[in-house]
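Visitor: Relying on the hints, combine the two individually framed chains into one complex.
Protein sequences, first through last, are from chains A and B.
Position 56, counted from 1, in the first sequence is what our numbering calls 290; the numbers after and before it change by one each time, with no gaps.
Position 6, counted from 1, in the second sequence is what our numbering calls 17; the numbers after and before it change by one each time, with no gaps.
Treat the hints loosely; a few may be bogus.
[To be verified] Label-pair restraints from in silico Cβ distances:
#, chain 1, residue 1, chain 2, residue 2, range
1, B, Gly138, A, Arg478, 39 to 47 Å
2, B, Gly138, A, Met466, 40 to 48 Å
3, B, Glu52, A, Leu325, 48 to 56 Å
4, A, Ala266, B, Glu134, 25 to 33 Å
5, B, Gly54, A, Leu325, 27 to 35 Å
6, A, Asn277, B, Asp87, 51 to 59 Å
7, B, Asp152, A, Arg478, 26 to 34 Å
Rather than coming from a laboratory, the hints here were simulated on the basis of the structure.
All values reported here derive from a predicted model rather than from experimental measurement.
Quick reminder that beta carbons are idealized off the backbone N, C-alpha and C, glycines included.
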Amino acid sequence: MIRQIWIALRLTLTEQAHNRFAMLLLAVYLPAWYGVIYGLTDNASIGFQLRAFHVFVATSQHRLGLLTGMLNATTLIMGFVALSAVRRSALVDQRLVLCGYSRSALILGRLLAFAGASAVLSLYAVAVLAAFTPPQHPGVVVAGTFGAVLTYAAIGVLVGVIARGDLEGFFVIIMLSLVDTFIQSPIGNPAANRAVVEYFPSYLPMQIVVGGAIADHVAWWQFWGSLAWAVMLGILGVLGFWLRTRIARAHA
Amino acid sequence: MESAPASLSVSNVARSFGRRHVLRDVTFTARRGELVGIAGENGAGKTTLLRIIAGLLPPDRGRIDVRGRIGYCPQDPQVHFGLTVDQNLEWFRAAYRLEHHMRAEAMLDRLAVRHHRRTLVGELSGGTRQKLNLILALMHDPEVLLLDEPYQGFDWETYLRFWDIADESRRACKVIVIISHLVFERTRFDTLLRLHDGVLEPEAGR
Numbered sequence: 235m236i237r238q239i240w241i242a243l244r245l246t247l248t249e250q251a252h253n254r255f256a257m258l259l260l261a262v263y264l265p266a267w268y269g270v271i272y273g274l275t276d277n278a279s280i281g282f283q284l285r286a287f288h289v290f291v292a293t294s295q296h297r298l299g300l301l302t303g304m305l306n307a308t309t310l311i312m313g314f315v316a317l318s319a320v321r322r323s324a325l326v327d328q329r330l331v332l333c334g335y336s337r338s339a340l341i342l343g344r345l346l347a348f349a350g351a352s353a354v355l356s357l358y359a360v361a362v363l364a365a366f367t368p369p370q371h372p373g374v375v376v377a378g379t380f381g382a383v384l385t386y387a388a389i390g391v392l393v394g395v396i397a398r399g400d401l402e403g404f405f406v407i408i409m410l411s412l413v414d415t416f417i418q419s420p421i422g423n424p425a426a427n428r429a430v431v432e433y434f435p436s437y438l439p440m441q442i443v444v445g446g447a448i449a450d451h452v453a454w455w456q457f458w459g460s461l462a463w464a465v466m467l468g469i470l471g472v473l474g475f476w477l478r479t480r481i482a483r484a485h486a
Numbered sequence: 012m013e014s015a016p017a018s019l020s021v022s023n024v025a026r027s028f029g030r031r032h033v034l035r036d037v038t039f040t041a042r043r044g045e046l047v048g049i050a051g052e053n054g055a056g057k058t059t060l061l062r063i064i065a066g067l068l069p070p071d072r073g074r075i076d077v078r079g080r081i082g083y084c085p086q087d088p089q090v091h092f093g094l095t096v097d098q099n100l101e102w103f104r105a106a107y108r109l110e111h112h113m114r115a116e117a118m119l120d121r122l123a124v125r126h127h128r129r130t131l132v133g134e135l136s137g138g139t140r141q142k143l144n145l146i147l148a149l150m151h152d153p154e155v156l157l158l159d160e161p162y163q164g165f166d167w168e169t170y171l172r173f174w175d176i177a178d179e180s181r182r183a184c185k186v187i188v189i190i191s192h193l194v195f196e197r198t199r200f201d202t203l204l205r206l207h208d209g210v211l212e213p214e215a216g217r
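Bound-form chain B, shown alone (with noise of 0.2 Å):
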């Protein structure tokens, strides 16, 4: 386990496509135990900004420092359609080089996907599939969180218990960071930002 404080630190990130400015100068930081929200409409530049920090693409400039082990979730679920549960997890497992699912497992029960888990993933519901989107991101049990619209889809009940998870990795010390595109309870935030003109401002109201 990482005996270092989990953190992150984004520094003067800047990234275009062609001549569009998506990210002209996006700095913040994000402590152990907090939650940050970045808000923003469609086509703001949020996905990218999660996508450079996650490691996927590279920024024009700027820096990004983390410490601990990121576990990412893409928006659209990013899973083998023609495999079933199980598999999609045995893949992850490899990946993070894990030696057992134990975290996996609770997290089957806690998003009662269980019952699915000897389904094909392309059989299964859209919100299901974003459950097993979130659970591959956090199966290893991260440090560092980037959640890009963890909850799109998710009944009710799920989208409470994903802030149970949230809250429990907030208490454990974790940095989250959650994107959306609509922030529905401010005060499940530590702090909330705002991506605009391709940079980020404090969300107003708070």
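Excised from the complex, chain A in its bound form (with noise of 0.2 Å):
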């Protein structure tokens, strides 16, 4: 069984890492994202509320913007690499099940590929960040970021296992991820501090990246709350996966 999970984990790893469109992305698109981002913006002043302190903290539009983005593209890039692993392991993973693969430990290793890729694309996305915009506390942004992007794996598994096609399901990723961290950000939603973005995925996990990046406040229950959303999404999308899973006899 531990050697199952093991081997699930190395080749779903290694698989993502051949993914050579995700690595485009991440070689490309993001640093791209961010200049883009740096060129739209100014060094105007904006506020943001951090409503766990109940302040409104005062930063540039560049280092907002930046952060925004950041969390827009690495949402997009984790739930795209998500939903391309289901879809593309559907069938393989229910012949493998058939073979004798134990069926726990085939979505137990899934699982904790999906959680390392994204602790990788969290600290990278915020490395590259820190070229453009130094974060204040770069460990409590890498947590944010985490926060948001382990969300959307699970998001991506969940869609991956219920679209009917590839193409309604990266519509839904996108989309997710625009709508979800566009209102988050005064610069897009000039109702931005109001209540009902409390209500999105990345809500929590934009406080927590904006309190480490530009201020001193840090609220760590918040962090275990962004979780909760991946984990509450994940059991959706496990739930799914052991259903596609399933077959009527394993071999003796």
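Guide: Structure follows, in structure tokens:
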């Protein structure tokens, strides 16, 4: 069982590393996106409400735009990677289970791989961000990004098992990420301070990321809260994955 | 290794998808050392039948008795396209809980796949992917071989090598079921059946 979990984890990560489009997004799209946002925004001051502390912090549009852009790009990339991995392995996963692979080991290994990839992606995104605007507390920003990215890994798995086609799945991921992260930023959404934004998955990650990047305000319960989104959606995704890999009769 | 002789018995199997009755009443047996061919037109339900025998799909009614380990080769290569040939073998070695790759190694040589072992499957030709698909089904030396269109995409040499492997398996007293919409050489089969209108009937001309 442990060996099967390890093999599923290692080979899922290897397959993700072989996903050239995802690697291209990381190497080119992410820094280019930061550059575009930096070019489109200016140094004008803007306020962002840290709701856990009931305070407004002032920052530049450059910084806030980059932080929003980072969450948008990373959630999009991870959602795409998870969706693509789940859809591409659909039939072979069922074949593996038929051939004797433990379904629990397969699912656990794949989930651990997505968590690992989410951590690496968060670290990388914050490292590239630092070239544009060094965060005050990089570790906090990584943690906030990780919560958002992990949530979108879970969304990618869930959409991957229920979407009828690849295009529909990609459209859902793109729209979710776009709307979810866009409404958190007062640059694009003047109503970002309204309570309704709290009900979106990127709300807590955005609060953590901004608190850690431009202030000294960190409410760690928000980190656990952001993971709760990932766990909740992840459970639904696992349920779908479990149903999808079911077989009528295992081989002896 | 299994000591009981391999055998396969399919009794009164039926399966519908909505109002479409794909399999109405399918019955046949295959004994050790027997090579059974099942032909039929596209959409006749051949793949559904093999998926039921393999254990992927439950029948609506009927009974399947299989003695021996199954080796199931699906029609389309169900492999990880983003991994190399070696990495695919590693997945299935873990699934079959094999201690070694000896049989897979021998088949890599036999089907001329060895020089592709570090190539990503997504970069291989359709025929080579199908070879890998077949190796993954046979690498644990199963007693009951269920092969769905196993030689599609093969060149002539590989087609002949496939039949060498099938004949060896027959001599080793295994049960082999091959389904195909095109059966070129009827004499290669011990029993040839045709799936028509949801039931199996003897193939005309035999």
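Visitor: Each of the hints needs a verdict: does it hold here or not?
Guide: Checked hints:
Between Gly138 of chain B and Arg478 of chain A the beta carbon distance is about 29 Å. The supplied range of 39 to 47 Å is therefore violated. Evaluation of the 40 to 48 Å hint for Gly138 of chain B and Met466 of chain A yields a pass: the beta carbon distance comes to about 45 Å. Range check, Glu52 of chain B to Leu325 of chain A: Cβ separation about 24 Å, and the 48 to 56 Å hint is violated. The beta-carbon spacing between Ala266 of chain A and Glu134 of chain B, approximately 27 Å, falls within the hinted interval of 25 to 33 Å.
Under the hint 27 to 35 Å, the C-beta atoms of Gly54 of chain B and Leu325 of chain A, about 19 Å apart, miss the expected range. Checked against the hint of 51 to 59 Å, the C-beta distance between Asn277 of chain A and Asp87 of chain B comes to roughly 56 Å, which is consistent with it. Evaluation of the 26 to 34 Å hint for Asp152 of chain B and Arg478 of chain A yields a pass: the beta carbon distance comes to about 29 Å.
Against the hints set out earlier in the document, violations occur for numbers 1, 3, 5.
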